[in-house]
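A.B. asks: Start from chain A and add chain B according to the hints.
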Amino acid sequence: MFNFCFFLVSLLAASPALAVLNIEVTGAGDRQIGIALLPFAGDTPLTQSINEVVANDLARTGLFKLLSPSSKTPHEVREVDYADWLPAEALTLGSLTKLANGNLELRFRLLDTMRKTELFGQIVSAKSDQWRAIGHRVADLIYERLTGNHGVFSTRIAYVNRHGKINRLVIADSDGFGEITILEKSQPIMSPSWSPDGKSLAYVSFEQGRAMIYTQSLASKQRHLLASFPGSNSAPSWSPDGKSLAIVLNQDGSSQIHLIKADGSALQRISFSGGIDTEPTFSPDGKTLLFSSDRGGSVQIYQMSSQGGSAERLTFEGSQNFSPRFNPDGKTFTFAHYKNGQFYIANQDFDTKQIQLLTSGGWHKKPSFAPNGKLVLFASEVQGRGILETVSSDGRVKQRMTPQQGDIREPTWGPYPQ
Amino acid sequence: MKKVALSFILVNLLTACASTQTPEASQAQQGAPATAETTVISGQATTAAENTASAGTVAVNSEAATGTQAASTEAAQTAALPGQTEQAATAAATQTAPGTTDAAQTAATTGTTDAAQTAPTTGTTDAAQTAPTTGATANNTADTAQSAGAAADIAVKRVHFEFDNDGIQEADKTVIQAHGAYLSLNPTVKVRVEGNADERGSSEYNLALGQRRANNTKKALTLAGAKASQIQAISFGEEKPVDTGHDEAAWAQNRRVDIAY
Numbered sequence: 001m002f003n004f005c006f007f008l009v010s011l012l013a014a015s016p017a018l019a020v021l022n023i024e025v026t027g028a029g030d031r032q033i034g035i036a037l038l039p040f041a042g043d044t045p046l047t048q049s050i051n052e053v054v055a056n057d058l059a060r061t062g063l064f065k066l067l068s069p070s071s072k073t074p075h076e077v078r079e080v081d082y083a084d085w086l087p088a089e090a091l092t093l094g095s096l097t098k099l100a101n102g103n104l105e106l107r108f109r110l111l112d113t114m115r116k117t118e119l120f121g122q123i124v125s126a127k128s129d130q131w132r133a134i135g136h137r138v139a140d141l142i143y144e145r146l147t148g149n150h151g152v153f154s155t156r157i158a159y160v161n162r163h164g165k166i167n168r169l170v171i172a173d174s175d176g177f178g179e180i181t182i183l184e185k186s187q188p189i190m191s192p193s194w195s196p197d198g199k200s201l202a203y204v205s206f207e208q209g210r211a212m213i214y215t216q217s218l219a220s221k222q223r224h225l226l227a228s229f230p231g232s233n234s235a236p237s238w239s240p241d242g243k244s245l246a247i248v249l250n251q252d253g254s255s256q257i258h259l260i261k262a263d264g265s266a267l268q269r270i271s272f273s274g275g276i277d278t279e280p281t282f283s284p285d286g287k288t289l290l291f292s293s294d295r296g297g298s299v300q301i302y303q304m305s306s307q308g309g310s311a312e313r314l315t316f317e318g319s320q321n322f323s324p325r326f327n328p329d330g331k332t333f334t335f336a337h338y339k340n341g342q343f344y345i346a347n348q349d350f351d352t353k354q355i356q357l358l359t360s361g362g363w364h365k366k367p368s369f370a371p372n373g374k375l376v377l378f379a380s381e382v383q384g385r386g387i388l389e390t391v392s393s394d395g396r397v398k399q400r401m402t403p404q405q406g407d408i409r410e411p412t413w414g415p416y417p418q
Numbered sequence: 001m002k003k004v005a006l007s008f009i010l011v012n013l014l015t016a017c018a019s020t021q022t023p024e025a026s027q028a029q030q031g032a033p034a035t036a037e038t039t040v041i042s043g044q045a046t047t048a049a050e051n052t053a054s055a056g057t058v059a060v061n062s063e064a065a066t067g068t069q070a071a072s073t074e075a076a077q078t079a080a081l082p083g084q085t086e087q088a089a090t091a092a093a094t095q096t097a098p099g100t101t102d103a104a105q106t107a108a109t110t111g112t113t114d115a116a117q118t119a120p121t122t123g124t125t126d127a128a129q130t131a132p133t134t135g136a137t138a139n140n141t142a143d144t145a146q147s148a149g150a151a152a153d154i155a156v157k158r159v160h161f162e163f164d165n166d167g168i169q170e171a172d173k174t175v176i177q178a179h180g181a182y183l184s185l186n187p188t189v190k191v192r193v194e195g196n197a198d199e200r201g202s203s204e205y206n207l208a209l210g211q212r213r214a215n216n217t218k219k220a221l222t223l224a225g226a227k228a229s230q231i232q233a234i235s236f237g238e239e240k241p242v243d244t245g246h247d248e249a250a251w252a253q254n255r256r257v258d259i260a261y
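Respectively, the protein sequence lines represent chains A and B. Here this note's numbering is used: the first residue of the first sequence is 1, the next is one more, and so on. Here this note's numbering is used: the first residue of the second sequence is 1, the next is one more, and so on.
Just chain A, with the same shape it has in the complex (with noise of 0.2 Å):
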């Protein structure tokens, strides 16, 4: 289905030291584009992690080589000498300076080697414990101008973090790094779930000893319960138009999909099998909805309108299919696909019908599109312990995130900032 073509992309920077992560990439895209990030001029630990930040985003891509053809250190455009830089078809530099408030200040430029001139010079600035944003910014805008698409570095990430008897529900950086505890609890998390404008997150909770539904403002991290219906109150995921979700009951029996208002009231139950119905996630257009259900015997992903009524089932292959996620281009969906004893992440064509793998298999499961589309974010498994992966969109180039300390289960790619 796809040429899966594996080999270490080698990376710049030497491993930092204060990571909570083994960041490593595995895998390459046919064309790549060749780029240089030279050193930052300014206070070289952090210059050096900055560029390793920048290093890490844009390897994860798959669409860029990082070239390192010279040992020369220009931090000005005019100390450049462009054949020292090819085959690198493009090359940035900087300087990092504190400024008197204490922020961070980082003028950098990107050169394109070919045509020997500057493509753009930008100044971007954070408060000084703000330095990996520093970095996602810059490769944000690196990847933004060499590739046309909208960058996904500075988005952030949600997922649980289990480590003994706690559970903490976790944001961070889109690579794993800047951990902030939303919530810590002794009993299980489950199902994070952010709101369109990335502002709160909706997620299942067990602390009243079952099941129930909390939203929380990420910014006040005020808490309000969502959904304590009677058994087990799960599933949720916010319309697109942030004003109810779609969430899972079974007060009448059989676990079913509901619609509720975000404030609580209007609640509508909309599927009406005699199975269990769950998963729901709405189509980036609020119109119809993607959901798990074994009404047809093997769990399997069905389609119907976020309305309720009639629903079509879209996959047919392996054993099962579960936990599907709209692209954001709303012309694929991703899942995890069971076959085999295996779990493996796909992606299937609304149109064609087409599924593809896009991870070789082991205990692959909850992916979930960045909001561009390109990168699939999923909870993977080495050696028993939970942990965050990546892999592009064409499934050429995975990024495996290793945390130091707990098991990493539940993740989902946040929105873009608003």
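Treat the hints as calculated values from the structure; they're not laboratory data. If you're wondering where the values come from, they're calculated on a predicted model, not measured in any experiment. A hint or two may mislead.
[Stated by the list, open to error] Over the 12 Å line for every Cβ pair with chain B, so calculated as not near, a few chain A residues: (1) Pro39; (2) Ala41; (3) Leu46; (4) Leu99; (5) Asn101; (6) Glu105; (7) Ser125; (8) Glu144; (9) Asn149; (10) Ile171; (11) Gly264; (12) Asp285; (13) Ser310; (14) Glu312; (15) Thr352; (16) Lys353.
[What the hints assert, rightly or not] Distance ranges between label pairs, derived from CB positions: (17) A/Thr117 x B/Gly245: 54 to 62 Å; (18) B/His246 x A/Gln187: 19 to 27 Å; (19) A/Leu225 x B/Gly245: 32 to 40 Å.
Built from N, CA and C at the ideal position, the CB exists for glycine as well.
C.D. replies: Same frame as chain A, now just chain B:
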């Protein structure tokens, strides 16, 4: 639909050897406070059971109750306490078989003793499961004796399930019988049935599957004599494995319903 139908049949099978509860008995038990959706932690439930026993009040109308539920209040109280010693349970089992033949009584008693020694052959690691599986051992005796044996058997607080299935298994029916009878005799006792699933599939599907297992267990307990209002069915899905391994042995342990007083 197929699974639901199958489990319904299993439940019916359970009912066949369950002591039937008359409408009068149900009415007699309506006096107990109905707190169906209240979360009952085990400590509270135990206290409730002890109170019931020490006060000597068991809200079963002895005229209305039939079969083994017509057991003397004394026996019921003795049998009722969770965490009670095996000897006491055995004694209770013998007492709670009024109207059975001597042979049946003997069988029940013998069965209990044998089971206490041989039960661990199920290969499970949970301490609770090494308790006597009386009814199963004494299964060649009269139904009454079997039920009486089962009534002593609430030390086993866990039932297991096949992969992606929510039907109560034949091997677990005596456990269900025992808890159903116990709850019937102690209508003020509340219990949580906690459904669990192995880690295959999605966490949300497994939450739903665990809920279905819990709901089926609740239904089976109800058919075995408990009132629905005594039982809260909840699910932990794949979130609370008893064995964190990634193999069938671990998964088999994790596909379970825990009966938590």
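A.B. asks: Return the numbers of the hints above that this structure violates; sort them in rising order.
C.D. replies: Going through the list in order, the structure violates no hint and respects every one.
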